[in-house]
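Protein chains: 4
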Amino acid sequence: MTSASRVTALALAALLTLSAAGPGARAADLNPVKQAAVAAVDNHRDELIALSNQIWAYAETALQEKRSSRALADYATAQGFVVQSGVADLPTAFVASYGTGHPIIGILGEYDALPGISQKAQPVQEPLVAGGAGHGCGHNLFGAGSIGAAVAIKELIASGRLRGTIRFYGTPAEEAVGGKIYMARAGLFSDLDAMLAWHPSDKPQADVTGSQALVDFIVEFKGRAAHAAADPWNGRSAVDGLELFTHGLNMLREHVKPTVRMHYVIQEAGIVPNVVPDRAKLWCWVRDKDRPGVEAVLQRLRDIAAGSALMAGVEAQVTIQGGDWELLVNRPGARLLQENMALLGDLPFTAEEQEFAKAIQKATGVAEVGLVTRLRPIEEQVFEGGSTDVGDISWLVPTLHLSVTTAPYEAPWHAWPVVACGGMSIGHKGLVYAAKTLAATMTDLFTRPDVLAGIQAEFRSQSQGVTWKPYIPDGPPPIPAP
Amino acid sequence: MTSASRVTALALAALLTLSAAGPGARAADLNPVKQAAVAAVDNHRDELIALSNQIWAYAETALQEKRSSRALADYATAQGFVVQSGVADLPTAFVASYGTGHPIIGILGEYDALPGISQKAQPVQEPLVAGGAGHGCGHNLFGAGSIGAAVAIKELIASGRLRGTIRFYGTPAEEAVGGKIYMARAGLFSDLDAMLAWHPSDKPQADVTGSQALVDFIVEFKGRAAHAAADPWNGRSAVDGLELFTHGLNMLREHVKPTVRMHYVIQEAGIVPNVVPDRAKLWCWVRDKDRPGVEAVLQRLRDIAAGSALMAGVEAQVTIQGGDWELLVNRPGARLLQENMALLGDLPFTAEEQEFAKAIQKATGVAEVGLVTRLRPIEEQVFEGGSTDVGDISWLVPTLHLSVTTAPYEAPWHAWPVVACGGMSIGHKGLVYAAKTLAATMTDLFTRPDVLAGIQAEFRSQSQGVTWKPYIPDGPPPIPAP
Amino acid sequence: MTSASRVTALALAALLTLSAAGPGARAADLNPVKQAAVAAVDNHRDELIALSNQIWAYAETALQEKRSSRALADYATAQGFVVQSGVADLPTAFVASYGTGHPIIGILGEYDALPGISQKAQPVQEPLVAGGAGHGCGHNLFGAGSIGAAVAIKELIASGRLRGTIRFYGTPAEEAVGGKIYMARAGLFSDLDAMLAWHPSDKPQADVTGSQALVDFIVEFKGRAAHAAADPWNGRSAVDGLELFTHGLNMLREHVKPTVRMHYVIQEAGIVPNVVPDRAKLWCWVRDKDRPGVEAVLQRLRDIAAGSALMAGVEAQVTIQGGDWELLVNRPGARLLQENMALLGDLPFTAEEQEFAKAIQKATGVAEVGLVTRLRPIEEQVFEGGSTDVGDISWLVPTLHLSVTTAPYEAPWHAWPVVACGGMSIGHKGLVYAAKTLAATMTDLFTRPDVLAGIQAEFRSQSQGVTWKPYIPDGPPPIPAP
Amino acid sequence: MTSASRVTALALAALLTLSAAGPGARAADLNPVKQAAVAAVDNHRDELIALSNQIWAYAETALQEKRSSRALADYATAQGFVVQSGVADLPTAFVASYGTGHPIIGILGEYDALPGISQKAQPVQEPLVAGGAGHGCGHNLFGAGSIGAAVAIKELIASGRLRGTIRFYGTPAEEAVGGKIYMARAGLFSDLDAMLAWHPSDKPQADVTGSQALVDFIVEFKGRAAHAAADPWNGRSAVDGLELFTHGLNMLREHVKPTVRMHYVIQEAGIVPNVVPDRAKLWCWVRDKDRPGVEAVLQRLRDIAAGSALMAGVEAQVTIQGGDWELLVNRPGARLLQENMALLGDLPFTAEEQEFAKAIQKATGVAEVGLVTRLRPIEEQVFEGGSTDVGDISWLVPTLHLSVTTAPYEAPWHAWPVVACGGMSIGHKGLVYAAKTLAATMTDLFTRPDVLAGIQAEFRSQSQGVTWKPYIPDGPPPIPAP
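Top to bottom, those sequences are chains A, B, C and D.
Residues 126 to 607 in my numbering are what the first sequence lists, from first letter to last.
Residues 126 to 607 in my numbering are what the second sequence lists, from first letter to last.
Residues 126 to 607 in my numbering are what the third sequence lists, from first letter to last.
Residues 126 to 607 in my numbering are what the fourth sequence lists, from first letter to last.
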């Protein structure tokens with residue numbers, strides 16, 4: 126998921142205070158259990174940053190996260206968790222559990238990177254490994270931060286200050302097939318009382334705007350080959366079909382709601398120029414704020430595929446590969462997160478870190494306002510594009526989701542700036558802040574049954590009548606050959 | 126029709142001799158009847174040029190040729206022809222007849238101009254009437270030249286030197302609905318023994334390459350209007366459908382034979398920007414060397430219309446408006462024309478006329494080789510794009526067709542250069558040359574029954590098993606309101 | 126302007142109460158002056174509805190509103206206003222004034238219709254005049270409602286209960302060149318203390334979301350003609366350029382903010398198919414929430430025009446024709462409007478009117494929830510697409526703007542449903558409600574200097590440093606020839 | 126090269142006699158040396174077919190033809206030729222020489238396959254190796270047939286019946302970079318007196334229509350990545366540029382001569398949908414009947430690349446990779462080939478082979494007329510699309526080129542039917558026929574100095590003033606890593 130914000134409505138005045146000194150952590154306001162949770166994160170701080178840096182350097186893409194997954198699972202084992210690896214037929218998924226009985230609180234971690242955006246931890250674009258992958262969505266921080274919170278809670282359970290179960294979910298392939306969806310289908314979340322997750326972002330907030338529903342599909346065209354110079358009239362070009370499809374899709378942009386996003390890449394469109402191509406293939410994602418919106422656009426695109434095939438004299442086939450449900454926002458849960466974030470105060474970025482961020486902002490052509498340190502009020506949030514497989518989970522378990530600054534305000538996401546910041550102190554500070562917020566919030570869930578009950582009641586009310594049905598096809602996940 | 130030639134295969138060497146002095150008219154080789162026919166044309170030369178200039182100045186477009194048609198019909202009446210006007214429900218069509226009995230030889234004349242290409246008789250582009258029509262296909266010459274030949278034959282019949290009937294057909298709207306097709310449907314050519322026609326061109330030749338079959342149709346799209354800013358997602362844009370259709374058509378160009386031509390204009394595509402357009406309309410012509418070729422492409426375009434409608438969520442309708450059959454070449458007839466052209470020798474353009482032509486060639490970016498004066502051998506002809514409603518007639522009556530230089534070699538047709546030359550001596554010389562060729566050739570048809578029989582046998586052989594069925598819809602021609 | 130709302134975020138629960146009985150007019154809460162103002166509107170109710178129906182039947186499009194303008198001006202004259210017609214070189218613009226001295230309060234009226242959407246006052250689509258224009262934006266109601274409010278205030282000034290000046294502005298061509306912009310350039314609003322305006326809509330609210338900035342421009346392509354069959358390779362198709370431009374524009378949709386709207390119609394794209402078109406012309410509007418957004422997109426489209434011309438081997442020219450500034454929202458003003466709307470209570474639609482509305486909703490495929498009767502809280506408003514030349518005025522004078530239900534919720538705007546409702550009781554009730562709200566609000570502006578001062582202070586604060594510069598070209602408005 | 130013919134002008138009557146029994150080989154007309162040459166081919170027949178089958182089964186694509194090249198080179202060595210491998214920096218190129226002194230006669234052989242069209246030697250489409258390559262242009266026959274002719278001449282030199290040098294050129298990668306061009310640049314053809322080559326085809330003829338000039342280039346687009354859902358407005362899509370480029374190219378098809386061919390494949394267009402692609406890559410070929418034609422289109426496409434980049438806000442780069450010159454026809458040489466083909470008589474296909482061919486024709490939807498056995502007159506040849514790197518050689522050495530039937534008439538080339546026939550007796554008979562024709566013709570070149578001189582004079586006359594300059598970039602050929 127990305128929370129890369131584009132709060133275009135934000136007044137300039139507000140921006141000017143983004144990096145103003147905040148009120149500071151009000152540690153005195155933390156109750157003793159929270160203090161202990163926060164202290165536990167601090168105790169493991171160096172380990173967590175090392176874990177994050179390790180995964181950052183691995184930069185393994187979806188379903189290839191063998192070393193990243195192993196690093197986190199080994200750390201959990203070393204901390205005393207019971208670890209089950211390879212769950213849900215996913216070699217790089219695992220569940221790490223500690224404690225017994227209810228409440229059972231889950232926390233999510235991700236660790237997959239994105240291809241082609243390798244970058245050094247510096248404010249100038251330069252790949253660490255030419256053509257390599259990079260953590261352009263900050264999942265190295267996500268995984269390490271979440272496990273840090275889990276470890277803090279584990280220690281409180283171990284010391285008897287909390288009762289129940291803490292469970293860390295190592296969830297692979299968020300950027301691709303959505304590991305969580307397979308894990309959900311396998312029933313791995315069925316006994317949870319609540320789930321927590323965070324995501325690297327360009328501002329700190331308890332999220333109430335949700336994420337987009339998404340459907341991921343392939344459009345294939347089959348035509349008839351011919352010699353492109355000698356008898357092109359005998360050919361039926363699959364690429365013609367594909368190009369008409371994209372033209373139709375781009376025209377459709379005028380006729381969808383502003384919350385819709387459609388994007389595609391062309392995966393196959395001819396082998397050699399002198400043959401009229403008989404095969405073409407396009408990979409497409411459609412998103413909207415909710416599934417009905419996605420379904421309506423998908424139906425239009427099915428018509429567009431059929432129409433473009435008819436135009437080119439070829440055949441078209443649409444194959445659904447997967448997708449995400451939109452995130453079901455839990456407002457009581459968000460308010461609880463917000464409270465704990467407020468207690469922790471502003472993010473403590475230094476002047477040097479702000480300069481680093483501004484250099485990136487300058488390089489990428491956005492306003493040079495640096496890093497957002499101060500918690501954003503829930504009321505100021507606006508809709509942003511982005512999807513996550515956390516969405517599916519949110520329809521099965523009450524889910525609390527927050528964002529934490531790990532990158533410069535408005536710098537491009539899924540791009541080198543996020544990789545750069547995720548490999549140095551800016552990302553590390555976000556990681557620690559997230560771990561503390563999550564740990565502190567979990568202490569409330571363990572110790573305040575009324576709060577947990579309110580969160581669960583909200584969940585039941587919002588999800589009533591909806592039966593979760595994942596977008597993924599039947600059968601095991603599409604694990605690539607080793 | 127255009128015979129605007131693009132003889133790309135022609136060697137440069139050949140081009141360099143285009144304007145070389147030819148062998149000159151071998152008048153001595155003409156038999157006495159032919160000499161008389163040619164002399165008759167010369168006698169009427171000034172009148173014919175005056176008629177041509179009159180029609181050139183009128184520049185009346187298809188089905189609006191009231192004054193042009195009247196001028197020709199009045200001239201025929203004055204010359205002693207029996208004239209029947211308004212035939213085949215076409216107010217600007219007429220038949221002028223003289224003589225009785227067989228052979229009945231027809232000769233075609235056209236006189237419609239093209240919109241928007243008004244031009245003065247000068248080698249620099251400048252409209253005579255801003256935004257006005259112009260004779261960019263030389264039909265002023267065509268009509269006057271043909272009637273000149275008819276008058277010559279009439280005088281030979283009147284003087285008893287020829288026996289039979291000469292019939293001049295005033296045929297409107299060649300550039301649009303094809304007046305000849307309605308005249309054919311009305312049976313006006315059913316008793317003819319042979320038909321002759323010529324066309325202004327950039328070189329003189331007896332045509333053996335035919336013309337293209339053509340289908341003329343409308344594609345209309347109907348969608349759903351909506352406010353383009355407030356709720357474009359509720360609209361289904363007919364213009365989207367239209368744009369996808371043209372994209373599909375342009376892609377189809379790769380997959381048709383090189384003899385195919387497809388061209389279109391957009392007639393309606395929205396009224397005001399703030400409404401998603403619910404109507405759009407495109408006018409399209411498809412041509413190929415023969416009707417089966419045209420039909421195959423038309424079928425593809427029907428699919429493209431249906432597919433584009435499906436893509437845009439709108440409805441499409443294809444309506445055939447008309448079309449031409451390809452010209453059925455009569456090779457014995459062509460050889461007869463060629464013989465007579467050879468007898469007449471080179472076209473007598475002056476150095477000044479050549480300079481005029483070269484100035485146009487310079488202005489239009491083609492090789493400055495001037496005017497082609499020498500008869501082109503039948504063997505050197507190559508396929509050229511272009512259609513004519515003479516094509517339909519050629520499947521009903523043996524038809525002899527020639528081209529005569531009236532414009533600079535390779536200058537753009539349906540454009541100002543042709544208008545310019547058609548209003549001055551270059552066009553006039555072509556007119557006279559055509560009239561003489563046609564008159565001379567007709568004397569053969571009247572006096573050499575074996576030659577006529579050979580032409581008719583060829584016709585029967587080539588057209589065997591084919592039943593002419595015009596592209597025009599049932600009902601009267603679409604005469605515009607006065 | 127349209128306020129046709131698409132409040133997609135609105136919960137279903139809220140929709141179900143849209144037509145619930147409201148609290149009713151709390152007339153008792155009105156102070157005596159307001160009571161008199163509201164009563165005055167009621168006194169003129171039948172005249173105002175008659176005026177509206179007259180303009181509805183005229184259905185005159187932009188700058189053609191001679192009879193509509195005359196009807197309103199004559200009514201103002203009859204009511205005792207001093208009327209100045211033909212202001213700002215606009216034959217159909219006028220200013221009607223009454224009273225002297227400050228405060229000078231303006232009120233806007235519009236009366237132009239939209240082409241091609243003629244419709245009877247019935248819930249089934251059927252044109253009143255085939256191909257005719259229709260009031261698809263409800264400007265017949267807008268003009269008559271506003272003048273009703275002005276007359277009410279005039280009577281209070283006349284009776285000495287208010288002091289100052291009331292000024293009604295008859296503003297033509299909102300749907301086209303933007304009459305108000307020419308009037309603003311002529312300085313006609315320079316001495317005003319505040320301006321009021323309303324707009325027909327599908328819900329009642331005091332608007333705080335503004336309108337979109339807009340730029341209106343022409344893109345023309347010039348190529349080289351050629352015979353489309355004989356030598357298309359010598360042609361450079363202006364239509365190719367145009368089609369590439371639209372393709373580029375449609376691709377750009379992915380890369381603009383969700384607040385952007387771009388829409389176009391094709392005005393010229395070839396005359397006859399057999400000529401490669403040398404001219405093509407497109408009319409385009411670009412909108413965004415503010416001018417910088419519009420300017421950024423315009424720059425991209427200039428590049429797209431230049432690029433498409435380069436691709437097609439033709440020339441492109443972009444000519445700005447006009448445009449609107451975004452509406453500068455005056456929140457204190459909006460709150461004042463909201464207060465007065467709250468005093469007036471729900472809109473009193475009958476069960477039959479609700480059925481009429483639902484029939485339209487069924488026919489147009491939107492939720493059959495009928496008409497919105499209850500005032501929408503300011504907080505629930507969301508961004509909607511749409512522009513108005515009121516926007517320009519709002520940067521010169523503090524402007525208060527409200528919306529009133531005159532059409533079914535979510536029915537398509539600029540389309541037959543709005544025409545239908547504007548010609549019957551639904552529209553009439555909206556008209557009267559708007560007139561009352563405006564009259565009541567104006568009494569506050571006349572009688573409560575502090576309120577007016579607060580509104581003016583807000584205006585100065587928001588517009589500080591911005592110099593209004595209209596999009597229209599220099600010179601007089603483009604009045605069509607009579 | 127392909128000679129896949131589409132002789133659209135061919136009369137139906139002619140087609141009906143395609144498979145009629147021909148006059149048979151007039152062996153008696155062969156002089157003794159020719160008889161010996163033909164007999165030598167027959168002697169090696171089984172070896173040549175085995176060689177062909179071996180290469181057919183290897184099906185190695187361009188620059189990968191290690192085993193194919195080795196098989197031919199080893200065979201040449203075994204026959205007594207001096208073989209030089211890896212010439213011109215091409216690991217799979219070689220020259221096999223025998224004899225000394227002038228005349229030095231070259232003969233060309235090819236052996237590269239095409240990807241993705243693996244096929245069994247049967248008349249039903251079924252891959253031999255799923256996804257594998259196949260000899261869809263018959264180069265297995267080409268290589269083996271040519272070496273057969275070389276061996277026959279070698280034996281005549283060895284036996285003293287001919288004097289001079291025979292040289293077989295093993296030329297790789299005809300379907301890709303054009304191995305011959307690198308060999309030409311390396312000067313390997315500089316001392317030749319004449320060159321011979323043949324090509325598998327669907328009819329036998331001595332070619333006089335030449336081949337198309339071709340330019341092979343890459344268009345790359347570079348944009349700016351962004352998250353496709355969160356901030357697509359910050360992205361500049363390289364794929365947008367690419368799609369506009371192809372749209373422009375497809376529009377350009379209307380405005381090029383009918384002899385032009387343009388075709389492309391898309392090699393890169395995005396990696397994952399959620400990133401706006403910053404790179405895109407297209408591989409394009411442009412052909413025309415000659416280089417000036419190709420250059421003119423290339424210039425348009427450079428503009429189209431620049432324009433599409435401007436439209437999409439990205440950068441475009443065009444990189445020439447290579448290309449072919451058109452084949453310079455040597456008419457005296459063609460007449461010599463024709464004479465020898467006439468002496469050999471019709472191709473001896475059996476009824477079963479004709480049925481095999483007709484089954485393929487049925488499966489591929491072309492007229493079921495079987496295989497063409499009878500020599501086509503030079504006069505009946507028409508222009509066909511296709512290019513070959515033999516073209517470059519033809520501007521350096523007088524080149525004689527013939528086609529021989531190895532596949533069903535009008536069956537699709539570069540497709541499974543050609544693979545199928547090339548692996549069974551149809552192809553083998555063509556191979557033997559070609560070898561005999563080449564051998565017989567070479568005896569004339571060795572023994573009739575006047576004939577050779579005439580061919581050389583024609584060459585000098587046609588190529589005068591033209592300096593060969595290959596399309597390939599400087600530097601060594603792009604050999605793929607092993």
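No lab work stands behind these hints, which were simulated from the structure alone.
In this text the structure is predicted, and so the values were computed from the model without any measurement.
One or more hints might be untrue.
No copy is singled out in the list; a pair is fine if it fits within one copy or between any two copies.
Stated by the list, open to error - Computed list of lysine-lysine pairs in BS3-like fashion (alpha-carbon distance at most 25 Å, straight line):
1. K594 x K347
2. K483 x K382
3. K191 x K594
4. K594 x K483
5. K191 x K487
6. K191 x K483
7. K347 x K406
8. K191 x K382
9. K487 x K594
10. K382 x K245
11. K406 x K191
12. K245 x K594
13. K382 x K347
14. K191 x K245
15. K191 x K347
16. K487 x K347
17. K347 x K245
18. K487 x K406
Status of each hint after checking the structure:
For a Cα distance limit of 25 Å, the shortest separation of K594 from K347 qualifies neither inside one copy, at 30 Å, nor across copies, at 37 Å. In this assembly of identical chains, the alpha carbons of K483 and K382 lie at most 25 Å apart only when taken from different copies (23 Å versus 34 Å within one copy). Taking the closest pair of Cα atoms, K191 and K594 never come within 25 Å of each other, the shortest separation being 28 Å inside a single copy and 54 Å across copies. Taking the shortest Cα distances, K594 and K483 never come within 25 Å of each other, neither inside one copy (44 Å) nor across copies (34 Å).
Taking the closest pair of Cα atoms, K191 and K487 never come within 25 Å of each other, the shortest separation being 36 Å inside a single copy and 53 Å across copies. When the C-alpha separation of K191 and K483 is checked against a cutoff of 25 Å, the pair qualifies neither within a copy, at 35 Å, nor between copies, at 56 Å. Taking identical chains as interchangeable, the C-alpha atoms of K347 and K406 lie at most 25 Å apart whether they share a chain (9 Å) or sit on different chains (22 Å). Neither within a single protomer nor between protomers do K191 and K382 lie at most 25 Å apart by alpha-carbon distance, with minima of 40 Å and 38 Å respectively.
When the C-alpha separation of K487 and K594 is checked against a cutoff of 25 Å, the pair qualifies neither within a copy, at 44 Å, nor between copies, at 30 Å. Taking the closest pair of Cα atoms, K382 and K245 never come within 25 Å of each other, the shortest separation being 38 Å inside a single copy and 30 Å across copies. Proximity of K406 and K191 under a CA criterion of 25 Å is satisfied in neither setting, with 29 Å inside one chain copy and 32 Å between copies. In this homomeric assembly, K245 and K594 never come within 25 Å of each other (Cα to Cα): the closest approach is 40 Å inside a single copy and 45 Å across copies.
Taking CA atoms no more than 25 Å apart as the test, K382 paired with K347 passes between copies only; the shortest distance there is 22 Å, against 31 Å inside one copy. For the homomeric pair K191 and K245, the shortest alpha-carbon distance inside one copy (22 Å) is at most 25 Å, but the shortest distance between copies (42 Å) is not. When the C-alpha separation of K191 and K347 is checked against a cutoff of 25 Å, the pair qualifies neither within a copy, at 36 Å, nor between copies, at 32 Å. Taking the closest pair of Cα atoms, K487 and K347 come within 25 Å of each other only across two copies (20 Å); inside a single copy the shortest separation is 46 Å, beyond that limit.
Proximity of K347 to K245 under the C-alpha cut-off of 25 Å is restricted to the inter-copy arrangement: shortest distance 21 Å between copies versus 42 Å within a copy. Proximity of K487 and K406 under a CA criterion of 25 Å is satisfied in neither setting, with 38 Å inside one chain copy and 29 Å between copies.
Hint compliance for this structure: hints 1, 3, 4, 5, 6, 8, 9, 10, 11, 12, 15, 18 are not met, and every other hint is.
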